[in-house]
Amino acid sequence: MKTFLRENSLSLFFGTIFLVTLVGQSFAGQHAYNAEQTEHGASAVSWLTYVTSPHYWGAVMENWQSEFLQFAMFIGVTIWLVQKGSNESKPLGDEGIESDGRQKVGRFADPSSPLWARVGGFRTRLYENSLLLTMGVIFLATWVAQSLNNWRLFNEEQREHREQAVSWARYLVDPDFWEKTLQNWQSEFLAVGTMAVFTIYLRQRGSPESKPVGAPHDETGSSG
Amino acid sequence: VRRVPGKTEHMRAVFTLYVVLIATGVVTAVLVALSRT
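So the protein sequences, as listed, match chains A and B. With our numbering, the residue at position 186 of the first sequence is 186, and numbering never jumps. With our numbering, the residue at position 1 of the second sequence is 1, and numbering never jumps.
In isolation and in its complexed conformation, chain B is listed as follows:
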């Protein structure tokens, strides 16, 4: 396995981006459902 030193912050950025996208979607969906009575 070839490892490239440095630039790990880029990998962390895309990881965080995906976590934020998923969490935003789930939270929005739950809030939409619970706000409709």
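Chain A on its own, in the form it takes in the complex:
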């Protein structure tokens, strides 16, 4: 058990604080929602009603989609684009998908390489892109889930104001959808760009997200 906790401490830590904050969001969200309900003369809802509402899931999916977009884009874009001196970048000159030898695929695979890296053909093509593909699929799924929940919410508000409900397709071109989407995207892009740039000159001793403290500013991707 001790070995299990130590070997997986990073993912267990983030998994735990994810669940704690998700529950925290549900209670804070319920209270904020009920305050609004009271203002409008409507009755308050229970916690269970709130956690099965589009208000809650729209907010959750809005944030999820932008995080998965951020990582999918970072994984994809860093194949081809570099930043001199950044720990988040490959060294200059390594742009592109790199050789089979360097990537240990097909006949260059080690005996300990994953089976799908060794076999070649379609399975290796799929496996060598599996991280980007999976993150991309999760991004698209969460973005669709966001749109569906916010669409329901939008129509509930339309009804409250005695206005016509809109179709999902119509909601996808509504400024409400794009404002909720872009407000999340812009913050992710700023954060990723900042990491790429700040790791040129700033350090955190002991973190793999940083270059070694004494590494020169123009050393690129030394511990990424």
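Keep in mind the hints are simulated off the structure, nothing from the lab. Note that beta-carbon positions come from the ideal geometry of N, C-alpha and C, so glycine has one too. Watch out, some of these pointers could steer you wrong.
[As the list claims (entries may be wrong)] Quick list of the computed label-pair ranges, beta carbon to beta carbon:
no., chain 1, residue 1, chain 2, residue 2, range
1, B, Val19, A, Asn63, 14 to 20 Å
2, B, Leu31, A, Glu209, 33 to 39 Å
3, B, Val20, A, Ile97, 30 to 36 Å
4, B, Leu34, A, Leu132, 17 to 23 Å
5, B, Thr16, A, Glu67, 16 to 22 Å
6, A, Gln183, B, His10, 20 to 26 Å
7, A, Glu209, B, Leu34, 35 to 41 Å
8, A, Gln158, B, Val20, 34 to 40 Å
9, B, Thr16, A, Gln158, 19 to 25 Å
10, A, Val197, B, His10, 33 to 39 Å
11, A, Arg102, B, Thr16, 37 to 43 Å
12, A, Leu132, B, Val20, 20 to 26 Å
Keeping the supplied structure of chain A fixed, place chain B upon it in accordance with the hints.
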């Protein structure tokens, strides 16, 4: 790269846990949206 033999089932367990968490969240969100008409 240092490889520690054995115990790969632990890595698989945390990987599966994350996949299940994400899939549960997405499926729940879609079901909540589609159940409200």
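Hints and how they fare:
1. Separated by about 19 Å at the C-beta atoms, valine 19 of chain B and asparagine 63 of chain A satisfy the suggested range of 14 to 20 Å.
2. As the Cβ distance of leucine 31 of chain B to glutamate 209 of chain A is approximately 37 Å, the hint placing it in 33 to 39 Å holds.
3. The supplied range of 30 to 36 Å is met by valine 20 of chain B and isoleucine 97 of chain A, whose beta-carbon atoms lie about 31 Å from each other.
4. The hint said 17 to 23 Å for the Cβ distance between leucine 34 of chain B and leucine 132 of chain A, and at roughly 29 Å that hint is violated.
5. Against the hinted window of 16 to 22 Å, the Cβ-Cβ separation of threonine 16 of chain B and glutamate 67 of chain A comes to about 20 Å, which satisfies the hint.
6. Checked against the given bound of 20 to 26 Å, the beta carbons of glutamine 183 of chain A and histidine 10 of chain B, roughly 38 Å apart, lie outside it.
7. For glutamate 209 of chain A and leucine 34 of chain B, the hinted distance range of 35 to 41 Å is satisfied, since their beta carbons lie about 39 Å from each other.
8. A C-beta distance of roughly 36 Å is found between glutamine 158 of chain A and valine 20 of chain B, which places it inside the suggested range of 34 to 40 Å.
9. A C-beta distance of roughly 41 Å is found between threonine 16 of chain B and glutamine 158 of chain A, which places it outside the suggested range of 19 to 25 Å.
10. For the pair valine 197 of chain A and histidine 10 of chain B, the supplied restraint of 33 to 39 Å holds, since their beta-carbon distance comes to about 36 Å.
11. At about 30 Å, the CB distance of arginine 102 of chain A to threonine 16 of chain B disagrees with the hint of 37 to 43 Å.
12. Checked against the hint of 20 to 26 Å, the pair leucine 132 of chain A and valine 20 of chain B passes, with Cβ atoms roughly 21 Å apart.
Hint compliance for this structure: hints 4, 6, 9 and 11 are broken, all remaining hints hold.
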